[in-house]
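Peer 1: The task is simple: from the sequences and hints, build the whole structure.
In this text, residue positions in the sequence shown follow our numbering: the first is 1, and each later residue adds one.
Hints listed in this document are in silico derivations from the structure and should not be mistaken for laboratory results.
Errors might be hidden in some of the hints.
To be verified - What follows is a set of in silico ranges between Cβ atoms, one per label pair, in the way DEER data are often shown:
no. : residue 1 : residue 2 : range
1   : 265       : 23        : 43 to 53 Å
2   : 268       : 12        : 40 to 50 Å
3   : 141       : 173       : 24 to 34 Å
4   : 136       : 239       : 43 to 53 Å
5   : 202       : 20        : 52 to 62 Å
Stated by the list, open to error - Cross-link-like lysine to aspartate or glutamate pairs, in silico, DMTMM-like; alpha carbons within 20 Å at most:
no. : residue 1 : residue 2
6   : 36        : 128
7   : 35        : 122
8   : 33        : 127
Just so it is clear, CB atoms sit at the ideal spot from N, CA and C, and this is done for glycine as well.
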Amino acid sequence: MIVKKYLVTDIKEAFEKIRVELGKDAVILSTRKVKKGGFLGIGAKTYLEVTAAVEEKKVPQTEEKGQIYKLQEILSKTKQPPQHSSEDLTELKRMMLELKSMVASQRANEPQWVQDLRKALEKQDIDEEIAEKVIEYARVKYQELDFSNDNTRLILSEMFLPFLNTSVPDIKGKVLFVGPTGVGKTTTLAKLAAKLKLSDHKRVGIITLDTYRIAAVDQLKTYAMLLDVPIRVAYTPKEAKLEVEALSDYDVILIDSAGRSQKNELHMTEIKAMAEVVDP
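Peer 2: This is the structure we're talking about:
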């Protein structure tokens, strides 16, 4: 059996790709919505992830079960008769081409820094509606942006603040992030750090205890660099205590921990020992 996954905007696009690559005998195994792109999860686009499969050799047709649907049957049910004449479609295509040409012409006359900003947002797969709002915000607030300047990173982060729909209580002192692997501790910490510094203007420090995953440490270091906040790495409870003391003059210290299951007694003992040391 050949199994493939497709990342598409809608089920119709999936049908077309599956039919071309796997043939009319392919079946859809599952569908789910996923988010891709964006900045720290903000402005991410929603896609449809479709998993399809087809037998390498023809076998007698069997009764489908559960959520497995014959692609051919779905296509026959969703097939609709033409709603417009060929003249209508030709006129519609002409109008769309004219509109695209007008937009392209307007964008060609934009300042270079605006064009660079637009390309940067498109590269990050930012939703088009949010991207246009960010560009308009930048036009009003800034006369020009120099993308070779390190401060531009901070400016770009500030641009997203008007589009952050978050409500965070007044946070002070030490905050320890705990939970199983994959629940989003590190990403949530980064978003909170951005909000506390850029919106609340607080002095923020970050400590990571998640030294089991190299990627997690590198990810936080990147976030810290973008936000221009200090980050410390602690490998033992003793080091964690020293790092907390080193950042004691900061308004908020956000502490990331390794993924630990609440069902594992040993893991809970480790978390308890670390919590007693950092005293969140």
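Peer 1: Confirm or reject each hint.
Peer 2: Hints and how they fare:
Restraint check, residue 265 to residue 23: a C-beta distance of roughly 52 Å satisfies the suggested window 43 to 53 Å. A hinted range of 40 to 50 Å for the beta carbons of residue 268 and residue 12 is consistent with their spacing of about 48 Å. Taking 24 to 34 Å as the suggested C-beta distance range, the pair residue 141 and residue 173 conforms, at roughly 33 Å. For the pair residue 136 and residue 239, the beta carbons lie near 47 Å from each other, so the given range of 43 to 53 Å is met.
In this structure the supplied range 52 to 62 Å holds for residue 202 paired with residue 20, their Cβ-Cβ distance being about 53 Å. The hinted pair formed by residue 36 and residue 128 meets the criterion: a straight-line CA distance of about 13 Å does not exceed 20 Å. Distance restraint check for residue 35 and residue 122: the Cα-Cα separation of roughly 15 Å lies within the 20 Å cut-off, and the hinted pair is therefore satisfied. Between residue 33 and residue 127 the CA atoms are separated by roughly 15 Å; this keeps the pair inside 20 Å, and the hint holds.
Checked against the numbered hints above, the structure violates none of them.
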